[in-house]
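Asker: All chains should be built: construct the whole structure from the sequences, respecting the hints.
Spelled out from the first residue to the last, the chains are:
There are 2 protein chains.
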Amino acid sequence: MNAIMTLSTQPYKGTRDFYPADKRMQKYMFSIMRRVAESYGYEEYDAPLLEPVDLYLAKTGDEIVNEQTYVFDDRGGRKIVIRPEMTPTVSRMIAGQRQELAYPVRWYSIPNLWRYERPQRGRLREHWQLNVDIFGVDNHFAEAEVIQVANSILQLAGATHDMYTIKLNSRKLINFIMKDYLRLDSVQSTTIAKLVDRMHKMPPEVFTAEVDAVFTPTQRESGASNKLLGLLKIKSLEHLPAMIRQHSSALELKELIHVLKKAKITNAVFDLSVMRGFDYYTGIVFEIFDEQPDNNRSMLGGGRYDGLVGLFGVEPIPTVGFGFGDVTFQNFIEGHDLMPQLRSETDLYVVLIGNAYEGAQPIIDRIREMGVNIAVDLSGRSAEKQIKNAVKKNIHYALFIGERDLKEEQFEIKNLLTGVAERHSLERIVSIVKDYRSND
Amino acid sequence: MNAIMTLSTQPYKGTRDFYPADKRMQKYMFSIMRRVAESYGYEEYDAPLLEPVDLYLAKTGDEIVNEQTYVFDDRGGRKIVIRPEMTPTVSRMIAGQRQELAYPVRWYSIPNLWRYERPQRGRLREHWQLNVDIFGVDNHFAEAEVIQVANSILQLAGATHDMYTIKLNSRKLINFIMKDYLRLDSVQSTTIAKLVDRMHKMPPEVFTAEVDAVFTPTQRESGASNKLLGLLKIKSLEHLPAMIRQHSSALELKELIHVLKKAKITNAVFDLSVMRGFDYYTGIVFEIFDEQPDNNRSMLGGGRYDGLVGLFGVEPIPTVGFGFGDVTFQNFIEGHDLMPQLRSETDLYVVLIGNAYEGAQPIIDRIREMGVNIAVDLSGRSAEKQIKNAVKKNIHYALFIGERDLKEEQFEIKNLLTGVAERHSLERIVSIVKDYRSND
Chain A
50 MNAIMTLSTQ
60 PYKGTRDFYP
70 ADKRMQKYMF
80 SIMRRVAESY
90 GYEEYDAPLL
100 EPVDLYLAKT
110 GDEIVNEQTY
120 VFDDRGGRKI
130 VIRPEMTPTV
140 SRMIAGQRQE
150 LAYPVRWYSI
160 PNLWRYERPQ
170 RGRLREHWQL
180 NVDIFGVDNH
190 FAEAEVIQVA
200 NSILQLAGAT
210 HDMYTIKLNS
220 RKLINFIMKD
230 YLRLDSVQST
240 TIAKLVDRMH
250 KMPPEVFTAE
260 VDAVFTPTQR
270 ESGASNKLLG
280 LLKIKSLEHL
290 PAMIRQHSSA
300 LELKELIHVL
310 KKAKITNAVF
320 DLSVMRGFDY
330 YTGIVFEIFD
340 EQPDNNRSML
350 GGGRYDGLVG
360 LFGVEPIPTV
370 GFGFGDVTFQ
380 NFIEGHDLMP
390 QLRSETDLYV
400 VLIGNAYEGA
410 QPIIDRIREM
420 GVNIAVDLSG
430 RSAEKQIKNA
440 VKKNIHYALF
450 IGERDLKEEQ
460 FEIKNLLTGV
470 AERHSLERIV
480 SIVKDYRSND
Chain B
50 MNAIMTLSTQ
60 PYKGTRDFYP
70 ADKRMQKYMF
80 SIMRRVAESY
90 GYEEYDAPLL
100 EPVDLYLAKT
110 GDEIVNEQTY
120 VFDDRGGRKI
130 VIRPEMTPTV
140 SRMIAGQRQE
150 LAYPVRWYSI
160 PNLWRYERPQ
170 RGRLREHWQL
180 NVDIFGVDNH
190 FAEAEVIQVA
200 NSILQLAGAT
210 HDMYTIKLNS
220 RKLINFIMKD
230 YLRLDSVQST
240 TIAKLVDRMH
250 KMPPEVFTAE
260 VDAVFTPTQR
270 ESGASNKLLG
280 LLKIKSLEHL
290 PAMIRQHSSA
300 LELKELIHVL
310 KKAKITNAVF
320 DLSVMRGFDY
330 YTGIVFEIFD
340 EQPDNNRSML
350 GGGRYDGLVG
360 LFGVEPIPTV
370 GFGFGDVTFQ
380 NFIEGHDLMP
390 QLRSETDLYV
400 VLIGNAYEGA
410 QPIIDRIREM
420 GVNIAVDLSG
430 RSAEKQIKNA
440 VKKNIHYALF
450 IGERDLKEEQ
460 FEIKNLLTGV
470 AERHSLERIV
480 SIVKDYRSND
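Residue numbers (this note's numbering), protein chains in the order written: chain A, 50 to 489; chain B, 50 to 489.
Derived by calculation from the structure, the hints in this document are not laboratory data.
Treat the hints with care, since some could be wrong.
Note: identical chains are not told apart, hence a pair may lie in one copy or across any two.
Unchecked claim - Pairs of lysine to aspartate or glutamate residues, derived as EDC-like cross-links and limited to a Cα-Cα distance of at most 20 Å, are as follows:
#  : residue 1 : residue 2
1  : 313       : 187
2  : 303       : 270
3  : 311       : 211
4  : 310       : 103
5  : 311       : 407
6  : 434       : 149
7  : 76        : 93
8  : 128       : 116
9  : 76        : 87
10 : 311       : 414
Answerer: Okay, here's the thing in structure tokens:
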């Protein structure tokens, strides 16, 4: 037994235990996500946590699979991955029923995801992520809708538009600028994209120097490098040079911002620095930035990825989606002080006086059948200690049941917050408790 | 791209994709589990999917960890396991807050679990399992309560008592019979227990022969082997030999059956053949058997395991709990034809006529704000095709919005089941849809 005595009570590195108070918080966030997604007609789906490694190699490339995922061989020699993201999986599922589905398909999920990395603020090894995707719409109404979904989630959590900014960009616009406006080749373009993706994580002068180094001396002399640095500072489509402003992808962004304004979303802006890490995006991309000074970071990202379903040998399907992690959502809620008081799901705590268990049981069952969540203190300790238990469990009402009460069919109910105790019939007690719950 | 074209759309072996209809079924089952557990005062918790291997070695022994789990080394050289069950994890968490918790602690969870085995009916590699545990109660009221929880779940799913049997036994009684009544040593006892655990999976004559072989010739001559076979047939405590019937553990079982009867649970019986596979049980054990002839098997099991929390170097805590898998629950529901018609969460499907998107948007947003789940067909196809989409998605009502309707502020709503179409104001439409939903 000695070796066993050293068993740790800590969870695995980079993960969290969810004690009931933590789980309550998570359920609160998930219920907001579900309510909003379903109000827009999205249906929930799910899929296995393990996937064959091929699913990721096809689109993300080696780096992420090899360095940032949990990958191992199963006993049958198959190389499998604990899913790091849901997009390849949902593409697989859509491809599997390509012909049977009615488009547009609106799906959401809140999968458990794993990534192998050093735990840090906002990033843990285990997290959950709302995935919202719409399949089969090839115009910007799809982008507008999923951004509305994201916006509605933040609003339902109590946020106002000053707390966050919706930053829009377009892969097509980026490609046009890189290739036609700055005359960069594809290697230079990719390097720049990766640099820009990390630009807020390095000092401006380091960023400028690293950007400069990507350009050839001739390109630098022609001012291309300075042009790019200038473009990155522009926060409005109107201020772009005419050649860029009139490109079809810029006009599409302008139209999207217009549609969002009509839907009362006034905090959506163009931002050329939004690149999105994954290389499967094909059109508009977006990120939502938390404006809380201590947590000024991207908390949600998505965009159009029309090509992914096609990787499964079926005809491609236009797709727009986003992912929103539980850790960043929680940081946002806490950072803006939006966390409500979440009370126990248990409405009533029964304190048994003396030897009342057997007589009390039918009463307790009746109260439960009337729709009240009711717990019984089975400890056999003093009434005082039982009440302390109820208080510790954050339960609002205690109900005292002793043998005399059972005879009289009248019971004492105590509001543990105010300390007020009253004696009532069973029916009256149930209605008091239900009233409190529905007003909560 | 050629290699990529072969990417499979199938999920990993022994697992399931949950398309929206499947997920709806799972959510239906989980909501029954949650509702019942919370009605008894149980609070939901959760924990990471990965755990260090030591957690399982301490209690289950090598066999399960090595042969039936997903175990691998992480990049830091830690040996980790994708959890095959929740009991070690919940014991770890309780031990971690041993001093802070208010007892009795009532917790439940519906974790995702993995086991590495050949997929078969009722057993898959990935499944979910409701875990219900009560900590801190050292008498049979704890067993009675968790059995009530299990019973209420089946009842809420529409089951009646003839559809299942609650079989009760006791580890203490088993030990008494093995050691004091049959005079078996501990190796013999373990072998017998394992045999009995599998007795319904082999022909009776094979079972008899294998049991016989465990006994020594002297024991056989004294009739011990026949005594055991006789005991296994007894289905009532009253029919046990007096020496066994009067043992404290038999009296406790009798008392438990009495308490369950008082709670209107009349299908609980004593059955000495209930052994439970895991070796951490210390008192009463129970299983619920599905009485459907094609699926006559144990679908839920649990019992008292007072020692597990103590493995973490803190004082042990009396504990009773059970696990109920989603696959067995679903087999039960389907086997007894208890599956309700689950409708789409989307109340209303908007069919856009002509170029009405921008004008329709504020109307759609208003309907949504009034609490209706509403999806818009953004396909731009003919009205007829859009309606077909709604029908395919199992949505009950379609709402037609064209430019004329926007001017008149009157809209056509069509019941897609009856085909009846009516023209109404927005408010009237919302109330029609809400009425239908609340009567569903």
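Asker: For every hint, state whether the structure bears it out.
Answerer: Hints, one by one, checked against the model:
1. Taking identical chains as interchangeable, the C-alpha atoms of residue 313 and residue 187 are never at most 20 Å apart, the minima being 23 Å within one chain and 59 Å between chains.
2. Taking identical chains as interchangeable, the C-alpha atoms of residue 303 and residue 270 are never at most 20 Å apart, the minima being 32 Å within one chain and 94 Å between chains.
3. When the C-alpha separation of residue 311 and residue 211 is checked against a cutoff of 20 Å, the pair qualifies only within one copy, where the shortest distance is 18 Å, while the shortest distance between copies is 59 Å.
4. In the homo-oligomer, the alpha carbons of residue 310 and residue 103 never lie at most 20 Å apart, since the shortest distance is 42 Å inside one protomer and 56 Å across protomers.
5. Only between protomers do residue 311 and residue 407 lie at most 20 Å apart by alpha-carbon distance; the minimum there is 8 Å, versus 63 Å within a single protomer.
6. Only between protomers do residue 434 and residue 149 lie at most 20 Å apart by alpha-carbon distance; the minimum there is 14 Å, versus 60 Å within a single protomer.
7. In this homomeric assembly, residue 76 and residue 93 come within 20 Å of each other (Cα to Cα) both inside a single copy, at 16 Å, and across copies, at 9 Å.
8. In this homomeric assembly, residue 128 and residue 116 come within 20 Å of each other (Cα to Cα) both inside a single copy, at 15 Å, and across copies, at 18 Å.
9. Taking CA atoms no more than 20 Å apart as the test, residue 76 paired with residue 87 passes in both settings, with 16 Å inside one copy and 14 Å between copies.
10. In this assembly of identical chains, residue 311 and residue 414 lie within 20 Å of each other by CA distance solely across copies; the values are 11 Å between and 53 Å within a copy.
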